[in-house]
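Take a look at the letters that make up each chain.
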Amino acid sequence: MKRITVLLLVFVLALSGMISCAPSSAEESYKIGALTPQTGKYAGLGLQTLEGMQVIADDINEKGGINGIPLEVVPCDDKSSTTGVTLGAKKLIEVDKVAVILHGTVTALAQSTMPVAEEGKTPAILLSGTALFDDQLGEWCFRPMGSEEDYADIVFQYLNQDLGITRVAAMMENSGYGQGFEFFMMDVTSQHNMELVTTQHFDPAATDLTLQITDIKNSSAEALVIWGSGPAGALAVKQARDMGVTLPIIAAFAQGSSDMVKAFGEYYEINPSLIVTSSKTDIWQNLPEDDPDKAMCRDLANLFLEKTDPPHEPGFYGVVGAQMMLFVADALKRAQPDPTDLAQLRSEIRSALESTENLDLFTAVYTLSPEDHYGGSIQKIVLVTFKDGEKVLVRS
Amino acid sequence: MDLSIVLQFFISGVNLGCIYAALGLGFFVVYSVTRVLNLAQGEFVMVGGMLTATFYSMGVPIILSALIAIAVAGLLGGILHCGVIHPARNLSKATQTFLTVGFAFAIEGIALLVWGWEYKSLPNFLSTPNIHFGGATIIGQTPWVTGITLLAVTGLFLFFGHTLQGKALRACADNPLGAKTIGISVDRMSLYVFILAGAFGGIAGAVITPLTMVSYNIGFPMTIKGLLAAFVGGITRAEGVILGGMVLGMAEAIAAGLMPSEYHSIFAMIILMAVFLCQPHGLLSSSGKT
Numbered sequence: 001m002k003r004i005t006v007l008l009l010v011f012v013l014a015l016s017g018m019i020s021c022a023p024s025s026a027e028e029s030y031k032i033g034a035l036t037p038q039t040g041k042y043a044g045l046g047l048q049t050l051e052g053m054q055v056i057a058d059d060i061n062e063k064g065g066i067n068g069i070p071l072e073v074v075p076c077d078d079k080s081s082t083t084g085v086t087l088g089a090k091k092l093i094e095v096d097k098v099a100v101i102l103h104g105t106v107t108a109l110a111q112s113t114m115p116v117a118e119e120g121k122t123p124a125i126l127l128s129g130t131a132l133f134d135d136q137l138g139e140w141c142f143r144p145m146g147s148e149e150d151y152a153d154i155v156f157q158y159l160n161q162d163l164g165i166t167r168v169a170a171m172m173e174n175s176g177y178g179q180g181f182e183f184f185m186m187d188v189t190s191q192h193n194m195e196l197v198t199t200q201h202f203d204p205a206a207t208d209l210t211l212q213i214t215d216i217k218n219s220s221a222e223a224l225v226i227w228g229s230g231p232a233g234a235l236a237v238k239q240a241r242d243m244g245v246t247l248p249i250i251a252a253f254a255q256g257s258s259d260m261v262k263a264f265g266e267y268y269e270i271n272p273s274l275i276v277t278s279s280k281t282d283i284w285q286n287l288p289e290d291d292p293d294k295a296m297c298r299d300l301a302n303l304f305l306e307k308t309d310p311p312h313e314p315g316f317y318g319v320v321g322a323q324m325m326l327f328v329a330d331a332l333k334r335a336q337p338d339p340t341d342l343a344q345l346r347s348e349i350r351s352a353l354e355s356t357e358n359l360d361l362f363t364a365v366y367t368l369s370p371e372d373h374y375g376g377s378i379q380k381i382v383l384v385t386f387k388d389g390e391k392v393l394v395r396s
Numbered sequence: 001m002d003l004s005i006v007l008q009f010f011i012s013g014v015n016l017g018c019i020y021a022a023l024g025l026g027f028f029v030v031y032s033v034t035r036v037l038n039l040a041q042g043e044f045v046m047v048g049g050m051l052t053a054t055f056y057s058m059g060v061p062i063i064l065s066a067l068i069a070i071a072v073a074g075l076l077g078g079i080l081h082c083g084v085i086h087p088a089r090n091l092s093k094a095t096q097t098f099l100t101v102g103f104a105f106a107i108e109g110i111a112l113l114v115w116g117w118e119y120k121s122l123p124n125f126l127s128t129p130n131i132h133f134g135g136a137t138i139i140g141q142t143p144w145v146t147g148i149t150l151l152a153v154t155g156l157f158l159f160f161g162h163t164l165q166g167k168a169l170r171a172c173a174d175n176p177l178g179a180k181t182i183g184i185s186v187d188r189m190s191l192y193v194f195i196l197a198g199a200f201g202g203i204a205g206a207v208i209t210p211l212t213m214v215s216y217n218i219g220f221p222m223t224i225k226g227l228l229a230a231f232v233g234g235i236t237r238a239e240g241v242i243l244g245g246m247v248l249g250m251a252e253a254i255a256a257g258l259m260p261s262e263y264h265s266i267f268a269m270i271i272l273m274a275v276f277l278c279q280p281h282g283l284l285s286s287s288g289k290t
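Protein chains in written order, with our numbering: chain A, 1 to 396; chain B, 1 to 290.
In short, the hints are calculated from the structure, not lab data. What you are looking at is a predicted structure, and each value in this text was computed from that prediction instead of being measured. Where hints are given, some of them may not hold.
To be verified - Stretches of chain B that chain A covers, calculated by requiring three or more beta carbons in the stretch to come under 8 Å of a beta carbon on chain A: (1) 66 to 72; (2) 121 to 133; (3) 168 to 181.
Said to hold, decoys possible - Examples of chain B residues lying across from chain A (beta carbon under 10 Å, computed): (4) ALA53; (5) PHE98; (6) ALA106; (7) GLU108; (8) GLY109; (9) ILE110; (10) LEU112; (11) VAL114; (12) TRP117; (13) GLU118; (14) THR212; (15) GLY249; (16) ILE270.
Unchecked claim - Derived SDA-like pairs: lysine to any residue, alpha-carbon spacing no greater than 20 Å straight-line: (17) LYS121(A) / SER351(A); (18) LYS79(A) / ASN124(B); (19) LYS79(A) / VAL101(B); (20) LYS79(A) / ILE270(B); (21) LYS262(A) / ALA106(B); (22) LYS307(A) / ASN124(B); (23) LYS79(A) / GLY116(B); (24) LYS79(A) / PRO221(B); (25) LYS79(A) / GLY102(B); (26) LYS262(A) / LEU112(B); (27) LYS262(A) / THR54(B); (28) LYS79(A) / PRO61(B); (29) LYS79(A) / ALA106(B); (30) LYS333(A) / ASP360(A); (31) LYS79(A) / LEU113(B); (32) LYS262(A) / VAL60(B); (33) LYS31(A) / LYS333(A); (34) LYS262(A) / ASN124(B); (35) LYS31(A) / GLU62(A); (36) LYS262(A) / PHE105(B); (37) LYS97(A) / GLU62(A).
Idealized CB from N, CA, C, for every residue including glycine.
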């Protein structure tokens, strides 16, 4: 009995010694909160984004970390709900004590992170494709991802200048993403002397879009623009072709994602084949050799092939996740903050993010400032189409 | 209003109505016998769609893929009964209903692990061509959805009205104690209706996937649509569920075709509230009795 008591005592002392000797992880790593939807309706997007973040963090750590300090990704599921976002962001800030939050999600959820990040004085990088709330980003939130104004410009420039089209029909998803595009679309079409002959709307979960398409068929439109962040946009393309719509169709990034192409590839290739906005990473193999971004895109593709199981190249949201992590890495490299003082660490990362200058990434070149937490100065959006199961560059 | 819009509105409404009716019938068969709301019904739809798409992608003919998927979904219904409902048979119906939610979460989680997050699609059954007339279009799969829903409803009426097993199920629904007294195993009947509900879900999943696509997380929205169809029409009568599905389908078509998108949800809520205020047990209710 005595021996057991002594052994227990030794075990407890050894355990307490281990605990007290182990420095808290905050002292030996930069903790990056990866808040993404891993369950629920946006899980497809969130899991890809998380993978992109993890691939870059692993690569940085294998190369010795940032100034010798490794990155520690702390994943947190926002459960595709605003409540999940609020609780997740609070947990990352108060319990996990992360240095920065990367929120890879959709616009409606990204907005829920902002008050929590502001209150917790923690920098947050948000994935959202709309510029509608850029003026609400406050001191601690950043949205260096993309802006509808840029997307809309390349879409309508192509329709007008390359195809000579002046009358356009639009189908907009009833979401922040669709609303943002619609808001900027009005300006851009008038800039290009184009007329929006009809604008139809659809819910993100819609399964029957035939009524909206009938209205478009009856209009004088010469082309159709479909803008959505989910599968309903791809269904709209399918149903339009099913209903005999032969207009050129241009759609958003999400409609070009691998699962949508797999599901509806044959409809995408019906003449005139679908055109989608895309990043160069999607078609890097078809970029000309002198394209300044080809090497960067190839390196990212190879990195994904090396670090994912089963090996695959990144989808659009994987690229976005990678880009978010590269933003933080760039800020950390320049700021070289001390990871032991959390408040100081967060503050220094925030200041470093604000002074990002000419950061050349996959979707744009970014220069941020205290007044501009978006900062996409040179866009790299391209238009691609589909031929024999492959994406082909149309316009860059 | 343009004739083509009116035609398309009607086609859209009937198509959506049939989908919702097919979803609602699964609730009807379980509730009418057990008085349990099976909130995992949408997961059977998901499994039906996913398995059909998976087998089809492996080279199995589409009809055979659908039949295998329907059989597996039926089996899953049996597992829900044997693994969850039967062990909890002495608990309240509300508790049993909540347990089906847990089962739904488990199925969704397993589906995410097995199939990942990607959407899957299918071509129209037997490559049925689209039909164009009067400026409107019937998409090739739509007659399959309508036809199979009608076939399922007819089969259900014949089963309940003209077979011994069907009559035994009705007896359990009307008077469980009386049914037990005359030697009917209520528990076995309960197992049969869960298998039937699973198969109904599987049928719905297989036939709607060419129209809507399927992914691991469509179960919950399908459950909600099916529940609404069942409650609007009256969950205790099959014809009520069909009517409920049609009302919902038409309402959605009106909202999509004629109203600004910001009013869609309000419009659906107004219809629901109107039905529940005027007919609290549904349009074709029998005051809570089958």
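Against the structure, the hints:
no.: 1; hint: 66 to 72; in the structure: violated (count 0)
no.: 2; hint: 121 to 133; in the structure: holds (count 3)
no.: 3; hint: 168 to 181; in the structure: violated (count 0)
no.: 4; hint: ALA53; in the structure: 9 Å, holds
no.: 5; hint: PHE98; in the structure: 19 Å, violated
no.: 6; hint: ALA106; in the structure: 13 Å, violated
no.: 7; hint: GLU108; in the structure: 8 Å, holds
no.: 8; hint: GLY109; in the structure: 8 Å, holds
no.: 9; hint: ILE110; in the structure: 13 Å, violated
no.: 10; hint: LEU112; in the structure: 7 Å, holds
no.: 11; hint: VAL114; in the structure: 14 Å, violated
no.: 12; hint: TRP117; in the structure: 4 Å, holds
no.: 13; hint: GLU118; in the structure: 4 Å, holds
no.: 14; hint: THR212; in the structure: 4 Å, holds
no.: 15; hint: GLY249; in the structure: 9 Å, holds
no.: 16; hint: ILE270; in the structure: 17 Å, violated
no.: 17; hint: LYS121(A) / SER351(A); in the structure: 12 Å, holds
no.: 18; hint: LYS79(A) / ASN124(B); in the structure: 33 Å, violated
no.: 19; hint: LYS79(A) / VAL101(B); in the structure: 17 Å, holds
no.: 20; hint: LYS79(A) / ILE270(B); in the structure: 29 Å, violated
no.: 21; hint: LYS262(A) / ALA106(B); in the structure: 27 Å, violated
no.: 22; hint: LYS307(A) / ASN124(B); in the structure: 38 Å, violated
no.: 23; hint: LYS79(A) / GLY116(B); in the structure: 16 Å, holds
no.: 24; hint: LYS79(A) / PRO221(B); in the structure: 15 Å, holds
no.: 25; hint: LYS79(A) / GLY102(B); in the structure: 16 Å, holds
no.: 26; hint: LYS262(A) / LEU112(B); in the structure: 18 Å, holds
no.: 27; hint: LYS262(A) / THR54(B); in the structure: 13 Å, holds
no.: 28; hint: LYS79(A) / PRO61(B); in the structure: 37 Å, violated
no.: 29; hint: LYS79(A) / ALA106(B); in the structure: 15 Å, holds
no.: 30; hint: LYS333(A) / ASP360(A); in the structure: 15 Å, holds
no.: 31; hint: LYS79(A) / LEU113(B); in the structure: 16 Å, holds
no.: 32; hint: LYS262(A) / VAL60(B); in the structure: 18 Å, holds
no.: 33; hint: LYS31(A) / LYS333(A); in the structure: 15 Å, holds
no.: 34; hint: LYS262(A) / ASN124(B); in the structure: 16 Å, holds
no.: 35; hint: LYS31(A) / GLU62(A); in the structure: 16 Å, holds
no.: 36; hint: LYS262(A) / PHE105(B); in the structure: 27 Å, violated
no.: 37; hint: LYS97(A) / GLU62(A); in the structure: 24 Å, violated
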